[in-house]
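Novice: The residues making up each chain are set out below.
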Amino acid sequence: MSESIIPESELEEVELYHPKSWWTEKVFSQDAKLIAIQYGLTAFAIGFVALVLSWFMRIQIAFPEMAIISEGTYYQFITMHGMIMVVYLLTALFLGAFGNYLIPLMVGARDMVFPYLNMVSYWTYLVAVLVLFVSFFTPGGPTGAGWTLYPPQAILGGTPGQETGIVLMLVSLCIFIVGFTMGGLNYVITVLQARTRGMTLMRMPLTVWGIFTATVLALFAFPALFVSAVMMLFDKLLMTSFFMPALVEFGENLSYGGGSPILFQHLFWFFGHPEVYIVALPAFGIVSDLISIHARKNIFGFRMMVWAIVGIGALSFIVWAHHMYVSGMNPYFGFFFATTTLIIAVPTALKVYNWILTLWKGNIHLTIPMLFCLGFIVTFLNGGLTGLFLGNVIVDVPLSDTYFVVAHFHMVMGIAPVLVILGAIYHWYPLITGKMLHDGMGRFHFWITFVGSYLIYFPMHYLGFIGVPRRYYEMGQTEALYTSSAADLNVFITIAALAVGFAQLVFIYNVFWSAKNGKVAEKNPWKSTSLEWQTPEQPPIHGNFGKELPVVYRWAYDYSVPGAEDDFIPQDVPNEKVKLAEGYTELGVEKT
Amino acid sequence: MSATSKVPLKDGMEGFVSDWASDQRAFKGVPWGKAMMWIFLLSDTFIFSIFLIGYMTARWSTVEPWPNTSEVFALTVNGVSVPLLLIAIMTFILITSSGTMAMAVRSGYQKKRKQAAALLYLTAILGLSFVGMQAFEWSKLIEEGIRPWENPFGARQFGSIFFMVTGFHGFHVSVGVIFLFITARKVLRGDYDTGRRGFFTWQKGRYEIVETMGLYWHFVDLVWVFIFAFFYLW
Numbered sequence: 000m001s002e003s004i005i006p007e008s009e010l011e012e013v014e015l016y017h018p019k020s021w022w023t024e025k026v027f028s029q030d031a032k033l034i035a036i037q038y039g040l041t042a043f044a045i046g047f048v049a050l051v052l053s054w055f056m057r058i059q060i061a062f063p064e065m066a067i068i069s070e071g072t073y074y075q076f077i078t079m080h081g082m083i084m085v086v087y088l089l090t091a092l093f094l095g096a097f098g099n100y101l102i103p104l105m106v107g108a109r110d111m112v113f114p115y116l117n118m119v120s121y122w123t124y125l126v127a128v129l130v131l132f133v134s135f136f137t138p139g140g141p142t143g144a145g146w147t148l149y150p151p152q153a154i155l156g157g158t159p160g161q162e163t164g165i166v167l168m169l170v171s172l173c174i175f176i177v178g179f180t181m182g183g184l185n186y187v188i189t190v191l192q193a194r195t196r197g198m199t200l201m202r203m204p205l206t207v208w209g210i211f212t213a214t215v216l217a218l219f220a221f222p223a224l225f226v227s228a229v230m231m232l233f234d235k236l237l238m239t240s241f242f243m244p245a246l247v248e249f250g251e252n253l254s255y256g257g258g259s260p261i262l263f264q265h266l267f268w269f270f271g272h273p274e275v276y277i278v279a280l281p282a283f284g285i286v287s288d289l290i291s292i293h294a295r296k297n298i299f300g301f302r303m304m305v306w307a308i309v310g311i312g313a314l315s316f317i318v319w320a321h322h323m324y325v326s327g328m329n330p331y332f333g334f335f336f337a338t339t340t341l342i343i344a345v346p347t348a349l350k351v352y353n354w355i356l357t358l359w360k361g362n363i364h365l366t367i368p369m370l371f372c373l374g375f376i377v378t379f380l381n382g383g384l385t386g387l388f389l390g391n392v393i394v395d396v397p398l399s400d401t402y403f404v405v406a407h408f409h410m411v412m413g414i415a416p417v418l419v420i421l422g423a424i425y426h427w428y429p430l431i432t433g434k435m436l437h438d439g440m441g442r443f444h445f446w447i448t449f450v451g452s453y454l455i456y457f458p459m460h461y462l463g464f465i466g467v468p469r470r471y472y473e474m475g476q477t478e479a480l481y482t483s484s485a486a487d488l489n490v491f492i493t494i495a496a497l498a499v500g501f502a503q504l505v506f507i508y509n510v511f512w513s514a515k516n517g518k519v520a521e522k523n524p525w526k527s528t529s530l531e532w533q534t535p536e537q538p539p540i541h542g543n544f545g546k547e548l549p550v551v552y553r554w555a556y557d558y559s560v561p562g563a564e565d566d567f568i569p570q571d572v573p574n575e576k577v578k579l580a581e582g583y584t585e586l587g588v589e590k591t
Numbered sequence: 000m001s002a003t004s005k006v007p008l009k010d011g012m013e014g015f016v017s018d019w020a021s022d023q024r025a026f027k028g029v030p031w032g033k034a035m036m037w038i039f040l041l042s043d044t045f046i047f048s049i050f051l052i053g054y055m056t057a058r059w060s061t062v063e064p065w066p067n068t069s070e071v072f073a074l075t076v077n078g079v080s081v082p083l084l085l086i087a088i089m090t091f092i093l094i095t096s097s098g099t100m101a102m103a104v105r106s107g108y109q110k111k112r113k114q115a116a117a118l119l120y121l122t123a124i125l126g127l128s129f130v131g132m133q134a135f136e137w138s139k140l141i142e143e144g145i146r147p148w149e150n151p152f153g154a155r156q157f158g159s160i161f162f163m164v165t166g167f168h169g170f171h172v173s174v175g176v177i178f179l180f181i182t183a184r185k186v187l188r189g190d191y192d193t194g195r196r197g198f199f200t201w202q203k204g205r206y207e208i209v210e211t212m213g214l215y216w217h218f219v220d221l222v223w224v225f226i227f228a229f230f231y232l233w
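Chains A and B supply the protein sequences, listed in that same order. Just so we're aligned: the first sequence equals residues 0 to 591 in numbering that gives the first Met the number 0. Just so we're aligned: the second sequence equals residues 0 to 233 in numbering that gives the first Met the number 0.
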């Protein structure tokens, strides 16, 4: 605790690119902070499209007699909603936006290591988003194959969007992966090779740990999606038969033959399951930091938290087939994957315990970021526990493809990470804009979002138990199968969903309103220790830190240290410079 | 630059971890570009592994017989059918180009500007001839009626997988050739001695870039060895 050795600098001072025109400064910027904002706004824009799609679907399920959308459109909306939310919103937001903004600032770097590549990464992502969006306006519309895009149905007649929608979807995914790889290499190398003096890996905030590990997962998981997308494109465009067995369509023998649809499922989920943790790990990291800051207490079990992140990341590569229990695998396979799935619950539960133990006897400030964190813990716990149900083969088989599954993954990788994103925006908004978000609107937003999403997804568990299948655009004449309560519940869920949707509009209004009219944020408003708040200017300017990069003397969690006058010690303050509280001769040593 | 810490490491796992987690850099003395190339190649390894796994699965799942590779890939020289002749030459050329690449890296670090540039040009030309021979092989197979969607010699997956995987590898080689020419020109012009800035990135280059380029080239070469074994010898 007492050593303040300043390590020598191993890295030369980097030369930053200084933009010469408005275009290179504001549009084709190489500054990670602006790239982050570009990523964030694009992700939110396309995410909003997906949100609106979900409103249409909910209205259709609740009031089928209105016939607001047709069954084909329903499938298209479900597909686009899923794919946009998982890949184009959550992945891009956590890694592209938060990663770009926070990694250089939190590890004490002037920028990402390859700023030019970083810029290209964003523009490639934008092209991917546009290609995806264009599919709404092509003949036949976007693909309606479900976000898992299972062949053979994804590219056969009868599936909406099989003309061009599926092609654009696969092309867009390939472009996204290329763009992400450029960004991802940046994030990984910045964390590994460009930290400031004193910033050992074990002094990095957990936010960086989460984003870093998630990026490594993405770099190794996206290749599976890339290859399967290329192969399916070939099946569609060149009539190859990678995934296509011999088929008869409308009494006609198709020219396909000899392919394996199960291969696609394996490849897809080899990507798909790590993807869950690509979204979850940054959320874990961010929530750990926010809880620690807003409870004024060091994170409980920091090293354990780091190892849990790394462990979850490694395990996430050997659980994929638990998505395929009903695909007709060898039962022993299911046994293996059920076991690994249950093992992954151990480090995950450990993290939840540590969050709760961090809160225990903390000086909890019920700020809006803290409220979102508490909401996250509860929601994640709920979604995690239903995961244990679905991870067991015999429990999963009857629940498979019911609303129970919908409730589970929306709780665990929909609502939970989104709550963290929202909390993180309330937390870092003052840093990015220099203004505070409006508190009243924020609290309204939180309560409607949190309570509302419980009202949406909690009843879905019940719907799943009584066997209501997912992806049906109406229940039809099924009173004999499901009680009328199912229909009533669907109406209730839709009303809750629309209320939550309205709250998001309030949030969007708040973001734009506060940027102009918000209260000017004081320096380091949350009294945080990590480096992003210690920059000379707030918001930080190009190059992040002043003439000299900060030197790090401590971990990011020195809150309420006995003996210190303030209840936090920033990472770049050496022990000698800490103002001591009255009655102390040294940190932690009382005058006798 | 002090790469080693003065604090002695603890034994076992703890020392291993604290060494990795140590100040500023995980890989001491490794430039950013080189570290990036390694991570990229790891990611690319996943791509090629999955291609090969897809290939193996297709070979198992198809119901038609797989064509006899020593017949399909044979060249007729003076009326004698020599199996794998073209592939043997292609493989030899690509592996030779790895050798010239390694020599270019060495000359680069010795700051022998002209020698390094000459070796890089040689590597690029060898790579180009590989791509040319691949184009020849493709056109020969296409002439014989093999297409991604059909194959007169047996399972249609043979054609699909072959064109996809060798095409993807050929794309890697082509990209490598383009960058080899660019790097060679930069070396010859002395960009890495004078610190001339890159056109796009505005960064100063160093001779380490030759090594980073070399990593990529050796990787492409290594992948070819696997493709050779799995497609032509199996």
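It should be emphasised that the hints constitute simulated quantities derived from the structure, not laboratory data. Hints may be right or wrong, so weigh each one.
Pairs of lysine-lysine residues, derived as DSS-like cross-links and limited to a Cα-Cα distance of at most 30 Å, are as follows [what the hints assert, rightly or not]:
no., chain 1, residue 1, chain 2, residue 2
1, A, K235, B, K139
2, A, K546, B, K203
3, B, K33, A, K546
Some chain A residues well away from chain B (every beta-carbon gap over 10 Å; in silico) [stated by the list, open to error]:
no., residue
4, P6
5, S8
6, W21
7, Y115
8, T137
9, R196
10, S254
11, T385
12, Y481
13, L497
14, G500
15, H541
Computed from the model, here is a short list of chain A residues facing chain B with C-beta under 8 Å [to be verified]:
no., residue
16, L191
17, P222
18, L266
19, Y352
20, T477
We treat Cβ as the ideally placed atom computed from N, Cα and C, and that holds for glycine.
Novice: With reference to the structure, classify each hint as holding or not holding.
Specialist: Taking the hints in turn, this is what the structure says about them:
no.: 1; hint: K235(A) <-> K139(B); verdict: 25 Å, holds
no.: 2; hint: K546(A) <-> K203(B); verdict: 21 Å, holds
no.: 3; hint: K33(B) <-> K546(A); verdict: 28 Å, holds
no.: 4; hint: P6; verdict: 5 Å, violated
no.: 5; hint: S8; verdict: 8 Å, violated
no.: 6; hint: W21; verdict: 17 Å, holds
no.: 7; hint: Y115; verdict: 4 Å, violated
no.: 8; hint: T137; verdict: 24 Å, holds
no.: 9; hint: R196; verdict: 6 Å, violated
no.: 10; hint: S254; verdict: 7 Å, violated
no.: 11; hint: T385; verdict: 31 Å, holds
no.: 12; hint: Y481; verdict: 39 Å, holds
no.: 13; hint: L497; verdict: 42 Å, holds
no.: 14; hint: G500; verdict: 37 Å, holds
no.: 15; hint: H541; verdict: 14 Å, holds
no.: 16; hint: L191; verdict: 4 Å, holds
no.: 17; hint: P222; verdict: 4 Å, holds
no.: 18; hint: L266; verdict: 6 Å, holds
no.: 19; hint: Y352; verdict: 23 Å, violated
no.: 20; hint: T477; verdict: 37 Å, violated
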